[in-house]
Amino acid sequence: MFGIPVADTQCIFRVENVTPVPWAPKEVAGLTNLRGRALAVVSLKSIFDGLAAPVAPGAIAIGLQVAGDDYALVVDRVGEVMNVETARRMPVPPHFEAHRARKTMGLYKVEGDLLVVLNIRELFEFGTKDKERAA
Amino acid sequence: MDELLRDFLTESNEHLAEAESLLVKFERTPTDSSLIASIFRLVHTIKGTSGFIGLDRLQSVAHVAETLLGRMRDGEPPTQEGVSLVLASIDHIRDLLHDIEMAEAEPPGDSSGIISAIEAYLASGSPNRAGVTALTPAPGAAAVIPQEPEHSGPVPEDEGAQPDDEKHATDLQSNDWKPAGSPLKPAKNADESKSKPGSASSGETIRVTVSTIESIMQLVSELVLARNQLIELTRASASDGLKIALQRLSGLTSDLQDAVMRARMQPVSRLFGNLPRLVRELSLGLDKKIEIVTEGGDTELDRQLIEVIRDPLTHIIRNCADHGIEPPEERLAAGKPAHGEIRARAYQEAGQFVIEINDDGRGIDVERVRAKAIAKNLMREHDAGQMSEEEICRFIFEPGFSTAPAVSNVSGRGVGMDVVRSNIESVRGSVSLATTKGHGTRLTMRIPLTLAIAPALIVEVAGQRFALPQHSVAEVVEARRGDGGTVKSVQDRLMVDLRGEVIPAAELPSLLGIGRADDESAEAGLIVVMRASTSSLGLLVDAVVDVQEIVVKPLSGCISHLDVYSGQTILGDGSVLLILDPSGIARRLGIGSGARMNSQRAMDDMRQDATRLVMFRAGEGIIKALPTSIIARIEQVKSLDLKRSETGVVMNYQGRLIPVIELGTAGSAEVSPVIVVSFEDTLFGLLIDQIVDIVEDAVEIDVRGDMGRTIGTCRVNGEVVDLLDPIEFVAQVRGTGARHRADGSKNVLLLTGDARSIDLIAPLVKAAGYRVTTAQSAGAARALAASRSKVDVILFDLDSPVSNMGELSSIDNLVGTAPVIALKRESKVAATAGAPGLNPSFTADLYDRRQLIEAIQNVLVSAN
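Protein sequences, first through last, are from chains Z and L.
The numbering used here puts the first residue of the first sequence at 463, with every later residue one more than the last.
The numbering used here puts the first residue of the second sequence at 1104, with every later residue one more than the last.
Keep in mind the hints are simulated off the structure, nothing from the lab.
No residue lacks a Cβ here, since even glycine has one placed at the ideal position from N, Cα and C.
Hints are supplied without guarantee of correctness; some may be wrong.
Pairwise CB distance ranges (calculated) [as the list claims (entries may be wrong)]:
1. L513/Z - E1325/L: 33 to 43 angstroms
2. P519/Z - V1522/L: 17 to 27 angstroms
3. A514/Z - S1613/L: 45 to 55 angstroms
4. P519/Z - D1649/L: 20 to 30 angstroms
Here are a few chain L residues that sit away from chain Z, every Cβ distance over 10 angstroms (derived from the structure) [unchecked claim]:
5. Y1450
6. R1549
7. K1656
Keeping only pairs whose Cα atoms sit at most 30 angstroms apart, straight-line, the calculated DSSO-like set for lysine-lysine is [stated by the list, open to error]:
8. K1869/L - K1893/L
9. K488/Z - K1656/L
10. K1392/L - K1540/L
11. K1849/L - K1591/L
12. K1128/L - K1439/L
13. K1346/L - K507/Z
Here chain Z stands alone, though its shape is the one from the complex (with noise of 0.2 angstroms):
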């Protein structure tokens, strides 16, 4: 279960059609029309597994903005708003692969089960940007 600050959100979808890039990044499935802006579209799995990830029709996704960039995060499912005490926030276990550890910024124990905060600043940082520059 993952969770996203509310305030970071701007809306939630279903993505219809995706454009895909060619020579884009494995994760950025492709590009999507939303009112009139293109957002990227990317799956959460694909972000964590490194795999590409197609995206179907109709998926739901979490329309995001970071740094001046749109994004469309693609997820399996999006369950409820809920509130959490900031007081009561897990640091990142030290034992998470350092890729994952980085897009996290900490666990919350909600009902039962463990809730991964996503740090979407570093969510969406494929590692293209520098290693293009450098070239």
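Given the structure of chain Z, go ahead and fit chain L onto it with the hints provided.
Chain L only, in chain Z's frame:
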């Protein structure tokens, strides 16, 4: 920031720009008192207002400048030094204004450097005064020395020598300099932010911030998109009333779009404004007389684009001054006026904004460029002969390319022109160069007029759609594959034969890594011919779906690094499309100046099917032909110079005697053509009757020859022609000859890196009754091996082996199956050298044709 301060800064900067250009003009026409009066007023205003606001340091500098200007206004003739000092003070004031803008307060320090320099000048009283020491930076002051950042320092250093002052003063008084041809218009309300009523006449204006205009632009772009969507939606079903209203909306949107575009346009005189001063300083620094003339200053261009051109323009002018315009003595010696002229002209043409910079200097030495390009391995010597002057001049835009014999402070380091080109190309523009030796050079920059909204071709490729910017599309033609078709596969790459011009091509699907369902669809399709800066490229697509105006949006952050796309757009139907960038694609394919050689080679290989022949008459019978690759020269020889000796007919050729074989019925003619053949170290002449033509055509022997010296009869360019066998003559000159024949069912593969060998060996082996295929590289050999054709014998050229030798041994169908004959020409190269994996069963001498054909026969016999 305090609004008063902000306004002051903006206005003062404008005043300074105007004062600067008026001052340079005044220096040349010191009799025009209205000019100096204006300049004085401008500086006076700055002084007054700065005092009022409390910017004391600024005021003190403006004050001394004003005093100096006052003297000039009162009739004292302007000296070069005086003008330079005022210009220096203007620069200083500009720097102070900049610091004030950043910090909202004056920087600490007292500008004593410039102030005392001017005071000293004023104190000396007259034009002929003691030399002024170079301006030194005052402690703690902001940049005092007046320089443009990249500029070397001619002005202050020159001040030191007194005799120069007098000389310059006299020059000015003698009115040596012509007044500028067309007057420079001072920049009208030139500022980053302005809005105009619409036409060129200066009416009322209001100041608008840049961000306001930008957001209006943005909104209009969105409006265009929404309108497109609406049109799309109502296309099928809509009431008439709705359609009419929509049409009206559409018209209004277009008009709004145009109006906002125009609001961002500014006259290019902004750029031209500081040219006089730049040229003045260059003239002084380089000791040349140079004038600048500008035309079309009121031509308008998008604000952003003006800034993009600024640096390239400066650099080009520097180059003209430094390398183009000659020193006065040289110009006079060449019959030109002592003053060099640089002319900058701006105009709009066909949806593009064009700036031409002409100079009447010495022009570019194309030979030197050619030599430098060869030295830098940018092209091969042999290609140089086929390139037009314009193509050779394009090398000047290569990084690090400079044929300047000496690097001066101003230019010559070779880092400028490539930056110029990339800057202009970054906004989808282009640069080109034309030159006439001794007369001058013209450099042309073209920039498309609109940035955000552009017409585009929508193409479909393997089921996906992409947008191609229309400005870079030259044409769209049908693709035809196979023999006689336009698309050919050469050396593992695609080439397109476009009405004789051969250009590299690429299939979008394979380039973009999109899969293709089946190979059949690759047969039909279209070729979109794109021009990317200096090179052309053909893109193979399935169909062109539409042509429409699209709103170009920048790429989303996570894909902005991909150079094959120049942006993205949303079409009227809501789909997101990527906009392809031809320059990026060309780069990915390795096309573009640096890799020109590869495409050049590929083109050569493609031409391999055609041979260049000389057609001539010699004796009775039909026209005869010889491949030009073995011909050194065609000489017109007087019959007197053909000597009959004991050894045969000889003639004098470049200092030595060479044997001449009489092919024609000459003897009666006074002068006859002699084809001088050069093959390895054998040089001889063929005396013929008359040269008919030189052509390039595929050679297909229809009838094999019986006579020793004719390979066969074929059709060349519509004529029936006897193809002569040069080897026969070589053998004759050397004393050997004879031939054999087979039945035409066996395939011989000729592996050689030398095109001439193909000319010589292929027809011969063909005529001997074998089918011949050739490969000039391992890649080509692999392609052949992969195809169905069987190879019975491999002829391997030891002296000019194919490239990529190491790969040959790994080609399965090739190695081990067919017997190999190594060909050599009396070289000392060992039989097995250079042929790893290929074990020649026989080595034949290229000169001994009988031996070669016999070898092929023998080898085939033992193989069975």
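For Y1450/L, is the shortest CB-to-CB distance to chain Z above 10 angstroms, so the non-interface label stands? holds, 37 angstroms
Can the restraint linking K1128/L and K1439/L be considered satisfied, given a maximum Cα separation of 30 angstroms? Distance ~24 angstroms between K1128/L and K1439/L Cα, so the pair holds.
Would the hint linking K1346/L and K507/Z be met if the CA-CA limit is 30 angstroms? violated, 46 angstroms
Proposed proximity, K1591/L with K1849/L (alpha carbon, max 30 angstroms): holds, 26 angstroms
Consistency of the no-contact label for R1549/L, given chain Z and a CB cut of 10 angstroms: holds, 29 angstroms
Check the hint pairing K488/Z with K1656/L against an upper bound of 30 angstroms on the C-alpha distance. It holds: about 22 angstroms lies between the C-alpha atoms, which stays within 30 angstroms.
Hint consistency between K1869/L and K1893/L [alpha-carbon to alpha-carbon, up to 30 angstroms]: The hint holds at about 16 angstroms.
Take the C-beta atom of L513/Z and the C-beta atom of E1325/L, compute their distance, and say whether it sits inside 33 to 43 angstroms. Holds - the Cβ-Cβ distance for L513/Z and E1325/L, about 36 angstroms, lies within 33 to 43 angstroms.
Straight-line Cα separation of K1392/L and K1540/L no greater than 30 angstroms? holds, 20 angstroms
Does K1656/L clear chain Z by more than 10 angstroms, comparing its Cβ with all Cβ atoms of that chain? violated, 7 angstroms
Within 17 to 27 angstroms: is that where the Cβ-Cβ distance between P519/Z and V1522/L falls? Violated, at about 46 angstroms.
Verdict for A514/Z, S1613/L (Cβ pair) under range 45 to 55 angstroms: Given range 45 to 55 angstroms: violated, Cβ gap about 19 angstroms.
Violated hints, listed in ascending order, are 2, 3, 7, 13; each of the other numbered hints is respected by the structure.
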